[in-house]
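Novice: Given next are the chains, with one letter for each unit.
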Amino acid sequence: MKMDKGCLTMRKLAFIVVCISLLLTGCWDYQEVDRLAPVMAIGIDSIPGSKIILLTVQIASPEGKGGSKRTGQQGGGGEAYTVMNSEGKSLSEAIHNLSTQSTRRISLSHCKIIVLGENFAEAGIGQILDELKRDRNFRRTDWLLTTDKTAKEILEKDIELEQVPARGLDLILQNFTTLGRVLPMNLSDFSARLNEESKVSFSPLVQLEDIDKQVTSQLEKAAGRSLESAGRPKTLTISKTAVYKNLRMVGVLNEDDTRLHRWLIDSPKGSSIKFTYTPQSPTEEVQGEVMLNIIDGKTSITPQISENGITMNIAVTVKASLSETGVTGVDVLDPKVVAQLELQAAEAVKLQLEHTINTAQKEIKVDYVDFAESLHNYYPVEWKQIKDNWDDTFPTVEYRISCDVEIRNTGIITDSTQQNESEE
Amino acid sequence: MTALIMLAALAIGLVEGIPLGKQGQWKELAVMSILLGIAFLLVMGYYLGLPSPLVLMERLLEPVGKAIFK
Amino acid sequence: MAEKGIINTKQFVWMLFIIITPFAAMQIPGMLIMQAGRDAWLSVLSAWFLDVMLAIVYAYMGLRFPGENFVQYSITILGKYLGRVVGILFPLFFLLVCTLVLRSLSQVVDTVFLPLTPFNVILVTAFLVSALIGRKGIEVIARMTEILGPLYLLSIVTLSFLVLPSFHIARLKPQFDQGVAPFLVGTPLMLTSFGVCIIMAMYIPLCNRPENGFLGKLSAVSMGALVVCLVTALSVGIFGMEDAQYMTSPGLELAKMINFSNYIERVEMVWLLILVGSGILASSSMLWAFGQGLAQIVGLKSYQSLIYPGALISLVLSLISFPSGLQHTNFFHYTFPIMAAFVETGLELFLLMAALILHKRGTT
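These protein sequence lines are chains W, S and Y, in that order.
Going by numbering that gives the first Met the number 0, the first sequence runs without a break in its numbering and finishes at 423.
Going by numbering that gives the first Met the number 0, the second sequence runs without a break in its numbering and finishes at 69.
Going by numbering that gives the first Met the number 0, the third sequence runs without a break in its numbering and finishes at 363.
Watch out, some of these pointers could steer you wrong.
[To be verified] Capping the alpha-carbon separation at 30 Å, the derived lysine-lysine pairs in DSS-like fashion look like this:
1) Lys11/W <-> Lys135/Y
2) Lys172/Y <-> Lys65/S
3) Lys383/W <-> Lys361/W
4) Lys26/S <-> Lys300/Y
5) Lys300/Y <-> Lys11/W
6) Lys21/S <-> Lys300/Y
7) Lys69/S <-> Lys132/W
8) Lys386/W <-> Lys26/S
9) Lys26/S <-> Lys11/W
10) Lys3/Y <-> Lys26/S
11) Lys239/W <-> Lys212/W
12) Lys297/W <-> Lys273/W
13) Lys335/W <-> Lys383/W
14) Lys244/W <-> Lys172/Y
15) Lys364/W <-> Lys132/W
16) Lys79/Y <-> Lys26/S
17) Lys386/W <-> Lys172/Y
18) Lys172/Y <-> Lys297/W
19) Lys273/W <-> Lys318/W
20) Lys172/Y <-> Lys132/W
21) Lys172/Y <-> Lys383/W
22) Lys212/W <-> Lys156/W
[Claimed, not checked] Just some of the chain W residues that point at chain Y, by a computed CB distance under 8 Å:
23) Arg138
24) Ala191
25) Glu372
FYI, nobody ran anything at the bench for these hints, they're computed from the structure.
For each residue, glycine too, the CB sits at the ideal point set by N, CA and C.
Let's have the full structure, built from the sequences with the hints guiding it.
Specialist: Here is the structure:
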């Protein structure tokens, strides 16, 4: 009997083992790493013709030991990345078309950067958003960038210190999340913002700048003679913001507006305040640039609907540390002076914020400052009436800014000793 | 697919049925056979183009659900 | 030999919890957001409250008929024939739930993790494992859930904390934007998913302390509600309600969103583990309950031999009923809640009324 039972268990076990070895092979989805082409960044441009999408992909090549070019040692295994192009009627078609030229399977799951070319962004990005959200390989944490050039130009550029440019862009944007002037935008937030009441979203604008040339020409002016230049290549910079409305790019914020825009909709943290200090008492003739680094801060937008219309109350509180007093000879040991500094900083912030909101209301005429969303949150019932002609209402919305700056510390010294000779 | 299901039914019948038969649990064997038969009938029905019971249920209840839910 | 296993209260709690988990991990939060919008998390809370109310009925019936599950007491209450007709609905319902859970589980695995693997292979494998566990009996399931349940709860809560940096509370506002109607519609949808916990009526007779049935259910469903609530609130707060409602698995998208200080990222495999583990354990409980219930209706001595055939029927049903994932989601969305509401609340309340009117009670 016992023998029988053991036999039975063995037979069952054999049955299970056979089943498992047939079913759990796991061979369908295997991918060899050396047969993959990991795409690090994709860029999308629009081109004339029937195939309107031009896809540029930046593929990291693991064999290529990048950086060799920069260190001057040729033949270190080539570039760390390659760029490929393909065309298609839609994004997924373009991705499929890549396989006609790639020896390896295109793997999109490592893609972290999506660059939209200017033409494409202005024509409307609706058709790719669906694919980006539907495809399992794209992540909603992917960074979205817009450029005022074509995406192809951006993705073909090296970034100093990084072997794969996409990685470099990723690092820049990662740094921006904690401190920086531009608000980085991932796919999830971008799409969520487009769904919100105002249908407005934005993304950082990546540009190609010939910093070397600019700097050299400035220096030449200063020196009054022509200078030698190593002729460094153009550099990728991210300092502006592209604004989208209804899936179309409608405008670009300049650097100052970009910074203040981030203050408004996110937080002032990590930014700085720069203003010209003018002392209260006319006897001291000190005047100069003061810079505050913002340690912590908070912005809140509270709408208020009354008979007179809609008023947005914008309250900014900032905790800052003194970063630079320049040549002013500001006596930060004097509490009165510090209070004065705080007041003037607040005033400067207020002016800048007003400028940013004015740009939104008068120039671009698009509500990228989240007024619609806060109205919807605070006055859901009233919003239903305002909603329909919000685009006309928005430029006329009143706003009130109150700003409170608090200087927490003065760096590692208090007063500075060296001052301009005119101070004597 | 149909063939595989039938094979599976046969295999289950053998693996489970033989010990039951040896122990004389005829009632259990009968119920088990009926269940396997139902599985078999379902597959055959599908093969012949008959709707599955869940589809029938869906036809009956989906209008109610659509009336309640968006 | 009928089920001789005995479970303690702790195991009882985790078994119920693990039955709710796959619902939280799969389509339900998305559907809920589609119905209730930003108020989805409130719907979860109200469904939790209603389900606790329902649990009182089940716990009371479990005590009124000691040592009997609802299949048995429906025979006690309604007599030999009508009782059997009513009683068989419960095992069939469990079989249906098993079909749906394993089908959605395989669908998520197939579309997100193993796109090249044939769908049927994933499905058959899932059924094989569930049937294997189910056949081993309640104690095996109980001990597995006792280990995995806390692990899953901990990982879901941890994942929720990790995804918090991308959470925007403004996207959850304003509440009750479209009035209370969406919230009220969302509640029954969620309630029917929590309601699968009526399987507690199968467990209570096997508990070493049946009087703890209500408390056990309360803590299990509270944990389950916490999990579903976290998933719905976070996915609305992160993706916005417009995007979240069309996701096939918002929880999975949440796990994909995790990028904690550029250090912890790509952790969706943890979610996969939760999904697959809890889904398979839940379905094995369902298969066990089907076998046990059916055996008691027919009056068999053992239920083990019914598990594999039951799993086969379930497999066939999930293969032939839904040509695509879309139909399955639709079934889950529109048909299942109606059916579940009927079985979970209608049938049990009917039994309660019948027992009270006919003055039936169990023998101690």
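Novice: Against each hint, give a clear statement of whether it holds in the structure.
Specialist: Outcome of the hint check:
1. Between Lys11/W and Lys135/Y the CA atoms are separated by roughly 13 Å; this keeps the pair inside 30 Å, and the hint holds.
2. Distance hint between Lys172/Y and Lys65/S is fulfilled; the C-alpha atoms sit about 27 Å from each other, no more than 30 Å.
3. For the suggested pair Lys383/W and Lys361/W, the alpha carbons sit about 24 Å apart, so the restraint of at most 30 Å is met.
4. Pair hint Lys26/S plus Lys300/Y holds up; C-alpha atoms about 9 Å apart against a cutoff of 30 Å.
5. Simply put, Lys300/Y and Lys11/W have alpha-carbon atoms about 22 Å apart, close enough for the 30 Å limit, and the pair holds.
6. Taking the CA atoms of Lys21/S and Lys300/Y, the gap is about 15 Å. The hint holds against a cut of 30 Å.
7. Proposed proximity of Lys69/S and Lys132/W is supported: the alpha carbons are some 23 Å apart, at most 30 Å.
8. Among the hinted pairs, Lys386/W with Lys26/S is inconsistent with the structure: their alpha-carbon atoms are about 70 Å apart, more than 30 Å.
9. Between Lys26/S and Lys11/W, the direct Cα distance comes to roughly 23 Å. Compliance with the 30 Å bound is thereby established for this hinted pair.
10. This hinted pair checks out: Lys3/Y and Lys26/S have alpha carbons roughly 20 Å apart, not beyond 30 Å.
11. Distance hint between Lys239/W and Lys212/W is fulfilled; the C-alpha atoms sit about 20 Å from each other, no more than 30 Å.
12. For the suggested pair Lys297/W and Lys273/W, the alpha carbons sit about 18 Å apart, so the restraint of at most 30 Å is met.
13. For the hint pairing Lys335/W with Lys383/W, the CA-to-CA distance comes to about 49 Å; that exceeds 30 Å, so the pair is violated.
14. For the hint linking Lys244/W to Lys172/Y, the alpha-carbon distance of about 22 Å falls within 30 Å, and the restraint holds.
15. About 29 Å separates the Cα atoms of Lys364/W and Lys132/W, which keeps this hinted pair within 30 Å; it holds.
16. The hinted pair formed by Lys79/Y and Lys26/S meets the criterion: a straight-line CA distance of about 18 Å does not exceed 30 Å.
17. Using a Cα cut-off of 30 Å, the hinted pair Lys386/W and Lys172/Y holds, with the two alpha carbons roughly 16 Å apart.
18. A threshold of 30 Å between alpha carbons decides the hint, and for Lys172/Y with Lys297/W the separation of about 19 Å falls inside it, so the pair holds.
19. Taking the CA atoms of Lys273/W and Lys318/W, the gap is near 14 Å; set against the 30 Å cutoff, the hint holds.
20. Restraint check: the Cα-Cα separation between Lys172/Y and Lys132/W comes to about 24 Å, which is no more than 30 Å; the hinted pair holds.
21. Restraint check: the Cα-Cα separation between Lys172/Y and Lys383/W comes to about 15 Å, which is no more than 30 Å; the hinted pair holds.
22. With a C-alpha separation of about 17 Å, the suggested pair Lys212/W and Lys156/W falls inside the 30 Å cut-off, and the hint holds.
23. A distance limit of 8 Å between C-beta atoms decides the matter here; for Arg138/W the minimum to chain Y is near 6 Å, and the interface restraint holds.
24. Against a cut-off of 8 Å between C-beta atoms, the interface hint on Ala191/W holds, since the closest Cβ of chain Y lies about 4 Å away.
25. Contact between Glu372/W and chain Y, as hinted, is supported at the beta carbon level, the nearest pair being about 6 Å apart and thus within 8 Å.
The structure does not agree with the numbered hints 8, 13 stated previously, though it agrees with the rest.
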